[in-house]
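*Asks:* So the protein sequences, as listed, match chains Y and C.
Each residue of the first sequence is one higher than the last, beginning at 0 in numbering that gives the first Met the number 0.
Each residue of the second sequence is one higher than the last, beginning at 0 in numbering that gives the first Met the number 0.
No lab work stands behind these hints, which were simulated from the structure alone.
Predicted model only: the values in this text are computed from it and were never measured.
We put the CB at the ideal spot given by N, CA and C, even for glycine.
The reader is advised that the hints may include incorrect statements.
To be verified - Partial chain Y-side listing against chain C, Cβ under 10 angstroms, derived:
| # | residue |
| --- | --- |
| 1 | Ala55 |
| 2 | Ala67 |
| 3 | Leu72 |
| 4 | Ser74 |
| 5 | Leu136 |
| 6 | Leu162 |
| 7 | Gly163 |
| 8 | Ala164 |
| 9 | Ala166 |
| 10 | Val217 |
| 11 | Ser231 |
| 12 | Pro352 |
| 13 | Leu356 |
| 14 | Thr358 |
Listed below, chain by chain, are the residues.
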Amino acid sequence: MIPQVYFIALVFGIHIVAVNLGMALATIVPLLKRKADLTGNERLDGIARGIFRIYAATYAIAGVMGTAFTVFLLSFYPEFIGVAGNITLLPFGIAILSILIHFLAIVLYYYGWDSFPRWAHLSSGILLAITAYTIPLGFRLVFAFLNTPSGLKIDGKPYIDALGALANPTFAPLYLKSVFGAITFGSLFISALLAYRMVKERGEESSQLYSITLKVAVVGTFIMLILGPWYSMSLISTPMKFNNIFRSFGWGLGGVETVDMSWLFLIKMILIVIQIYAILRLIFGSVDFKLSALATISAALTILTGEYLNMFSQYPYFLANLPIVADKIPEPWRTILGRSLSLENVSPLASDPTLFLVTALGIAILLIAIGYFIYETLFKGE
Amino acid sequence: MDLIGQWLSYPAPLDRILSIVGIELHWLILQYVLGLPLFIILSLLLYARSKDEKWHEMAKTMAKALGIIFAVGAASGTVSEFGLVLIWPNLLEAAGRYIFFPLYAEIFAFLIEITFIYFLVFGWRKIGVRGKLILVFLALVGAWLSGALIMSVNSYMVAPTGIQASYDPMTGWKYDKGYPKLLLVVPKEIVSVLDVNKLLSLGMEVLGERSEGVAVLLPSKIVSKLASESWSNVRVGDSVLSLVIKEEALGSVKDLLVKDVVDTILVNTVKSVGYTMVTFLSPVYAGSILHALGAAMTVTGFTIVGGYSLLLLRSKSDKRKVYYANGLRLGILLSLIFIAVQGLLFGHILGVEIASYNPEKLAAMEGTSNSIFSFSRSLGIEGIMSFIAYGSFEAKLPDYDSIPRDYCTLAGAPFDCRPPLMIHYLYYVKTGLSILLGLYALISSILIMRGNLSPILLKINVLTPIVAQIISFLGWAVREIGRKPWSIYGIMTVDVAHTANPGDPLSYGLIALILISVALALILAVWKLLYAPSVREV
Numbered sequence: 000m001i002p003q004v005y006f007i008a009l010v011f012g013i014h015i016v017a018v019n020l021g022m023a024l025a026t027i028v029p030l031l032k033r034k035a036d037l038t039g040n041e042r043l044d045g046i047a048r049g050i051f052r053i054y055a056a057t058y059a060i061a062g063v064m065g066t067a068f069t070v071f072l073l074s075f076y077p078e079f080i081g082v083a084g085n086i087t088l089l090p091f092g093i094a095i096l097s098i099l100i101h102f103l104a105i106v107l108y109y110y111g112w113d114s115f116p117r118w119a120h121l122s123s124g125i126l127l128a129i130t131a132y133t134i135p136l137g138f139r140l141v142f143a144f145l146n147t148p149s150g151l152k153i154d155g156k157p158y159i160d161a162l163g164a165l166a167n168p169t170f171a172p173l174y175l176k177s178v179f180g181a182i183t184f185g186s187l188f189i190s191a192l193l194a195y196r197m198v199k200e201r202g203e204e205s206s207q208l209y210s211i212t213l214k215v216a217v218v219g220t221f222i223m224l225i226l227g228p229w230y231s232m233s234l235i236s237t238p239m240k241f242n243n244i245f246r247s248f249g250w251g252l253g254g255v256e257t258v259d260m261s262w263l264f265l266i267k268m269i270l271i272v273i274q275i276y277a278i279l280r281l282i283f284g285s286v287d288f289k290l291s292a293l294a295t296i297s298a299a300l301t302i303l304t305g306e307y308l309n310m311f312s313q314y315p316y317f318l319a320n321l322p323i324v325a326d327k328i329p330e331p332w333r334t335i336l337g338r339s340l341s342l343e344n345v346s347p348l349a350s351d352p353t354l355f356l357v358t359a360l361g362i363a364i365l366l367i368a369i370g371y372f373i374y375e376t377l378f379k380g381e
Numbered sequence: 000m001d002l003i004g005q006w007l008s009y010p011a012p013l014d015r016i017l018s019i020v021g022i023e024l025h026w027l028i029l030q031y032v033l034g035l036p037l038f039i040i041l042s043l044l045l046y047a048r049s050k051d052e053k054w055h056e057m058a059k060t061m062a063k064a065l066g067i068i069f070a071v072g073a074a075s076g077t078v079s080e081f082g083l084v085l086i087w088p089n090l091l092e093a094a095g096r097y098i099f100f101p102l103y104a105e106i107f108a109f110l111i112e113i114t115f116i117y118f119l120v121f122g123w124r125k126i127g128v129r130g131k132l133i134l135v136f137l138a139l140v141g142a143w144l145s146g147a148l149i150m151s152v153n154s155y156m157v158a159p160t161g162i163q164a165s166y167d168p169m170t171g172w173k174y175d176k177g178y179p180k181l182l183l184v185v186p187k188e189i190v191s192v193l194d195v196n197k198l199l200s201l202g203m204e205v206l207g208e209r210s211e212g213v214a215v216l217l218p219s220k221i222v223s224k225l226a227s228e229s230w231s232n233v234r235v236g237d238s239v240l241s242l243v244i245k246e247e248a249l250g251s252v253k254d255l256l257v258k259d260v261v262d263t264i265l266v267n268t269v270k271s272v273g274y275t276m277v278t279f280l281s282p283v284y285a286g287s288i289l290h291a292l293g294a295a296m297t298v299t300g301f302t303i304v305g306g307y308s309l310l311l312l313r314s315k316s317d318k319r320k321v322y323y324a325n326g327l328r329l330g331i332l333l334s335l336i337f338i339a340v341q342g343l344l345f346g347h348i349l350g351v352e353i354a355s356y357n358p359e360k361l362a363a364m365e366g367t368s369n370s371i372f373s374f375s376r377s378l379g380i381e382g383i384m385s386f387i388a389y390g391s392f393e394a395k396l397p398d399y400d401s402i403p404r405d406y407c408t409l410a411g412a413p414f415d416c417r418p419p420l421m422i423h424y425l426y427y428v429k430t431g432l433s434i435l436l437g438l439y440a441l442i443s444s445i446l447i448m449r450g451n452l453s454p455i456l457l458k459i460n461v462l463t464p465i466v467a468q469i470i471s472f473l474g475w476a477v478r479e480i481g482r483k484p485w486s487i488y489g490i491m492t493v494d495v496a497h498t499a500n501p502g503d504p505l506s507y508g509l510i511a512l513i514l515i516s517v518a519l520a521l522i523l524a525v526w527k528l529l530y531a532p533s534v535r536e537v
């Protein structure tokens, strides 16, 4: 694989893990706050506020890495951005609108914490939670489209038919897998935080919440065990991708295979086993920070490896089914899409080795900055 | 003349309006990210020198404001970025292909900003004055570097490197000679298949051979036609290129996409100039970056004036009043200095550059058309304006009515190629407001320094940030609206830059509404976090 892909993968990986965590936190915080309001529990209110602070940092990390991801794409693959920009107004439009409303909700929820009337604060919390799910809705539509171009029409110019895009066989499992993966990871993250907190001070609220988040993680993991195979089966519509992941296990379909990614699938499976093992031990045992941390880290890595598996298994194509659909696309779009959807078609000006050196240095600084954020929010917060 | 109608008549009016809303929201916020670090440095230096705690408190308030504003700026930047990709995908593709470096490097400038701004905000209590000075200086470097990089791209869009303007202030328009023209370095293998004599007859000039190829000046008419054909997926055989390719070579190249030929030439040209430098060599870059920074400083200064004036009006504590008055003094003095430098120096530098490289825009700015009421003509200052622009009383301002309506492309344009005349009024309102604000800053600073803090003065002061923001917005409006119908002057028009699948008015209206809500949420946040606690202290 070419080096540009690794740069993109690195920033995308951090972005996607932060996004997944953010989805869960944006759901859990309004729920906790609501419960604290209804019961008048100030300690629970404090916990909710602390988690919201972590959410703000998560959002910042996801934002920075998301921006870096987009700029890398623009610089390395400008023709892909040109094509994508022309046809993806609907899915990206949903995502942008949601990002805007989500940001508005963050501001309102944060500054209205003690000053808004309850109904107004709750409303902004509901908005916060809903938009946390509509942002990935738009992006996952694009990802599903990049598996197989359902809804693509070429009538003088290419465009996406909305209903056709929604009928993409990989969209529903991909989106639902993202949602439940995020909830599972986020629940485990909070349970680990509470376990850490309970090492110092054992409070009733922390204990209750710890127990609830663990239960949510169990349910989430169970649902993921159904959604994972569903998504894998939906990839039958994307034979090259399916082959790249499963052919080494003897489950290949007819058609091409470009890169063997079965090893990454195996790693993902091992991580899932570790996650399940840790969760089961936690459920039937006592509070254990190290075990909670193991469950959380394995959940984060499961998300990361899952995303990488999804991304690398369609190398060298942005659009996994391009080899299959290419002959149905009229010229000159066949030529244009053929090269703009190739991951190996890097912009010649952005192939300078010095640029890679500067990028590596910049990314190192980027990671140090993330380390700083994590230190500030997790270890120096209330 | 229907000025609004003329402006709306260019392609993609709704998309242009939505872009104005999105980018203006981003710029409204960014000015403080550019301006506040400098004001924090000055406050900290004053504190270090005097050990007077009020300067430290002032710096802390501004650092807090910087933290909030930066967060909103980052979010509005993400939205603007996506908006540009979806509304102007072909422009973004071209930018990503040929002038990507500043956009790429800006990620790291953004990183410097975010790191040091939040180091400063989170670590305020734990860091000494020297540490704070270092952090805020680094935050300033990040913010200004980010501004410098993005402004270089915008400057390239205003006047690309290698552009040769179509006007000579002594002799007049040069459209008959094929101007404006763009410098291109054509690879020798492409030159070998071209009928150079035909190209020369169309206005191309050969500058000479370079190691990368042959340097030529090609009329913008041809360049923009090729850009249009590139993004319409035309093949060489159906392109205007077929008219200038040697007959014996046409057979072997006729099935190539025009985009591939143009791409080879543009990549070669950028390589020969240097991909890291190409945008910074735009002839309007120096004036643009200075003017943008000057606007940011001026707006920030007047916002500080407005903020402390409001607090003085509401304050009942004498002790707090002394503190607020000090803040007001610092703000008004710096605002006076910045608006003077901005207007007399930075504005002039940019004006001269625009006169030399965007003569069509200058003609519209000065309203040198008989179809509208012109301020410069009515006031009899056309001679003075041409002297300011060109340094000679012999020079003449470019005449708007003599600009060919179809100068921007070959074979006739489906729209008016001349810039919208409404910018004449935008420009003169902007200039008039700037002069009034500058004079007001002079009078206000004299009165404040003499200890006059009358309620009327303070109430007018409260309005100054709004006026400064309006002036700043008008400045951008003149720059961006005045470039129409070009997206990149001399290269790409808006119809080419525009998406093939635009949205509907309802969804655009909704997005605009949400953008405005974000701006209101920012104001609410600043009010709650900065203003309300200060009032409670009263």
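*Asks:* Look at each hint and say if it fits the structure.
*Replies:* Hints, one by one, checked against the model:
The beta carbon of Y:Ala55 is positioned within 10 angstroms of a beta carbon in chain C (closest approach about 8 angstroms), and the interface hint is therefore held. A distance limit of 10 angstroms between C-beta atoms decides the matter here; for Y:Ala67 the minimum to chain C is near 5 angstroms, and the interface restraint holds. With a least beta-carbon distance of about 8 angstroms to chain C, the hint placing Y:Leu72 at the interface is held under the 10 angstroms criterion. Hint status for Y:Ser74: holds, given a least beta-carbon distance of 4 angstroms to chain C, under 10 angstroms.
A distance limit of 10 angstroms between C-beta atoms decides the matter here; for Y:Leu136 the minimum to chain C is near 15 angstroms, and the interface restraint is violated. The beta carbon of Y:Leu162 comes no nearer than 16 angstroms to any beta carbon in chain C, farther than 10 angstroms, and the hint placing it at the interface is violated. A cut of 10 angstroms between beta carbons decides the hint on Y:Gly163: the least distance to chain C is about 14 angstroms, and the hint is violated. The closest approach between the C-beta of Y:Ala164 and any C-beta of chain C is roughly 13 angstroms, which is over the 10 angstroms cut-off, so the hint fails.
Given hint, Y:Ala166 at the interface with chain C, is violated; its Cβ is 19 angstroms from that chain's nearest Cβ, farther than 10 angstroms. Interface hint status for Y:Val217: violated, as the beta-carbon distance to the closest one in chain C is roughly 35 angstroms, over 10 angstroms. The beta carbon of Y:Ser231 comes no nearer than 31 angstroms to any beta carbon in chain C, farther than 10 angstroms, and the hint placing it at the interface is violated. Given hint, Y:Pro352 at the interface with chain C, is violated; its Cβ is 13 angstroms from that chain's nearest Cβ, farther than 10 angstroms.
Using the Cβ-Cβ criterion of 10 angstroms, the hint placing Y:Leu356 at the interface with chain C is not satisfied: the shortest such distance is roughly 13 angstroms. Of the supplied interface hints, the one on Y:Thr358 holds, with its beta-carbon coming within about 8 angstroms of a beta-carbon of chain C, less than 10 angstroms.
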